[in-house]
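Start from the sequences and build out the full structure, keeping to the hints where you can.
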Amino acid sequence: MPCRLLALLCLFLASPLAAQPASPVSPPIPDMDNRMAACAGCHGEYGRSQRETYYPSIAGKPAGYLYEQLLNFRAGRRHQTQMQQMLTPLSTDYMREMAAYYAGQTAARHPSDADALDPAAAARGEQLALHGDAALDVPACRDCHGAGLRGGGPYVPGLVGLRREYIEAQLGGWQSGARSALAPDCMATIAQRLSGEDMAAVAGWIAAQPVQPKAAGETEIGPLPMNCGAVR
Amino acid sequence: MMRLTRWLVGLCGVALIMAAAAFLPRLWPDVGMPQVADTHPDTGDAALIERGRYLARAGNCIGCHTGPGGEPYAGGRRIETPFGDLYTTNLTPDAASGLGTWTAADFWRAMHHGRSRDGRLLYPAFPYPDYTQVSRADSDAIYVFLQSLEPVAADTPPHALRFPYNTQLALRIWRGLFFEPGEFRAAPDKSDAWNRGAYLVEGLGHCGACHTARGRLGQTLASADYGGGRIPGLRWTAPALSGASPMSAARAEELKTLLATGVSRRNVTSGPMAEVVFHSLQYLREADIAAMVEYLRQLPPTSPTLDGPAGLRVPPSQAKRLLKQGRALYVDHCESCHGEDGLGEPRRYPALAGNALVTANATSNVIRSVLEGGFGPSTAGNPRPYGMPPYAHQFSAQQTAAVISYIRQAWGNEASAVSPLDINR
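These protein sequences, in sequence, are chains S and F.
Sequential numbering from 1 applies to the first sequence in the working numbering.
Sequential numbering from 233 applies to the second sequence in the working numbering.
If you are wondering where the hints come from, they were derived from the structure by calculation, not from laboratory data.
Mixed in with the good hints, there may be bad ones.
What the hints assert, rightly or not - Calculated from the model, a selection of chain F residues having no Cβ within reach of chain S, i.e. all distances over 10 Å:
#1 T275
#2 L381
#3 V384
#4 Q400
#5 Q557
#6 M620
Unchecked claim - Short derived list, chain F residues pointing at chain S, Cβ under 8 Å:
#7 G301
#8 G608
#9 Y618
Stated by the list, open to error - Which stretches of chain F does chain S cover? Using the computed rule of at least three CB atoms under 8 Å from a CB of chain S, they are:
#10 504 to 514
#11 593 to 607
C-beta atoms are modelled at their ideal positions from N, C-alpha and C, and glycine is treated no differently.
Now the structure itself:
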């Protein structure tokens with residue numbers, strides 16, 4: 001009798017059910033820091049850029065968003081020759097691992113950004129980021145970018161951790177048409193409704209926010225207040 | 233004097249007419265449609281589809297016939313040539329925009345004779361001057377595989393070639409001069425492996441399309457077989473595959489690993505070659521890679537190499553300054569990966585000491601490597617290649633020339649210094 005039990009136990013242990021690891025998280029790729037040295041040349045070590053105005057930080061951005069961008073660069077939908085050349089001989093599996101690696105890094109905070117903000121501008125920035133401005137028909141940033149402005153889903157990037165100059169440059173780019181996305185280009189519409197002071201205020205306030213990892217129960221983003229072509 | 237000139241003109245005229253008379257019959261075969269029997273291969277035969285899939289990999293059809301961001305095999309990739317731009321066709325079985333209405337005979341006419349279904353002469357940017365060596369059975373297998381794909385509606389953009397290259401007459405003359413449908417003939421005095429390698433390298437592999445120098449009209453030069461060549465439209469040079477001395481067994485082993493995985497102990501494939509490995513060679517069976525290497529290691533030597541022009545000459549005093557500056561830059565920026573001894577790290581960072589890409593007469597590859605950085609290909613044998621940062625936005629032309637001059641002369645490398653004026657040419 002005990003023998004039979006033992007045999008059953010053995011059977012169970014040998015079954016694929018027992019062999020399956022408990023968590024679906026794949027093990028980290030060994031030596032990823034060194035493998036990614038090519039990216040660090042522009043995006044900084046661990047994806048924390050030192051020259052944010054030209055090369056954005058990629059640390060802590062959503063894995064799905066980063067993966068989409070890599071696909072876009074490789075396909076030439078998002079135009080950047082250097083990125084396209086780098087990605088051409090790489091598999092989508094590796095690109096997915098790269099995206100996960102950078103999503104798992106903590107974004108750097110640049111404390112100097114907080115100091116330079118005057119209280120009136122900070123208040124205006126906070127209002128735009130958290131509540132929007134109904135008179136200008138501008139929704140709150142957090143309605144799309146998530147309550148913690150940490151982004152969500154495959155398409156909406158987080159904003160915390162970005163540098164003030166970079167955010168301001170992107171908003172300016174959307175306003176002037178230098179940066180564009182699939183129509184309807186909601187970021188362009190929003191940027192066109194903001195004044196230069198508004199852009200500086202909201203960029204300054206966001207850049208001053210502490211960077212924390214995504215909270216355990218942080219919800220995915222709900223229905224968007226505007227129609228965005230980039231969000232499928 | 234008058235008499236002499238008239239006589240000379242007359243003589244030239246006679247020579248021209250004779251040349252034309254000798255040449256006309258060569259133009260003739262292109263006037264009619266080559267008669268080709270239909271073999272009616274079974275498009276539902278799963279084993280034949282798999283064979284075709286494999287052969288299509290060996291021919292790297294997917295590399296050219298996939299547009300940026302497009303569906304595989306649906307065409308639309310731009311191919312730059314010195315005569316203008318061509319766009320690749322949709323090979324999926326869509327009736328209107330692809331090969332949906334093609335028979336195996338139509339397909340063979342394209343692969344073997346370089347003729348489209350309607351008889352149009354095809355441009356040799358489609359490497360049919362090499363594919364013409366492919367057997368009818370293999371062509372039929374590729375046809376059956378392509379017909380098994382999901383049809384994708386994708387029109388091909390019109391070619392943008394300059395006059396007169398955009399005319400069929402120009403192509404007819406070109407073909408008269410440089411193309412004849414061929415057939416692979418096994419050499420009875422060589423091994424089976426050698427013959428299989430020859431068939432793959434000369435035919436589907438179309439290695440000579442890049443690795444053999446081209447003449448003014450874009451024809452590969454038979455006298456320079458595998459002596460290396462500049463790739464039209466790209467600032468890359470494919471190095472000579474034929475060595476001055478026979479390849480050692482150890483080097484042949486390394487070469488097999490390099491072709492199958494994109495990295496070997498000391499080397500890595502980059503640029504267009506990384507794409508060839510990524511889309512094509514990594515999928516080939518070990519025996520086929522071994523056969524190709526068996527053929528390559530016995531290539532007769534070609535000299536002189538025609539792999540492109542050397543850079544500007546650098547006066548000795550300037551070279552000395554460049555080397556000093558380059559050494560310091562190497563220590564600061566490169567040594568952590570490529571090593572103090574220039575030996576790199578096996579399968580991670582290529583060796584720069586004794587590296588043919590670094591010391592090549594034509595400096596375009598080494599300049600591109602340093603300016604653009606990049607990754608080797610992800611392959612089953614090396615799924616997560618290491619990468620090199622680009623230096624284009626960090627280094628001035630002077631600094632780039634300095635560090636390249638240094639690596640071309642360090643650790644026993646013996647190549648000329650590189651002029652800063654060559655960097656952005």
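Results of checking the hints against the structure:
no.: 1; hint: T275; verdict: holds (29 Å)
no.: 2; hint: L381; verdict: holds (19 Å)
no.: 3; hint: V384; verdict: holds (15 Å)
no.: 4; hint: Q400; verdict: holds (32 Å)
no.: 5; hint: Q557; verdict: holds (20 Å)
no.: 6; hint: M620; verdict: violated (5 Å)
no.: 7; hint: G301; verdict: holds (3 Å)
no.: 8; hint: G608; verdict: holds (7 Å)
no.: 9; hint: Y618; verdict: holds (5 Å)
no.: 10; hint: 504 to 514; verdict: holds (count 4)
no.: 11; hint: 593 to 607; verdict: holds (count 4)
Checked against the numbered hints given earlier, this structure breaks only hint 6.
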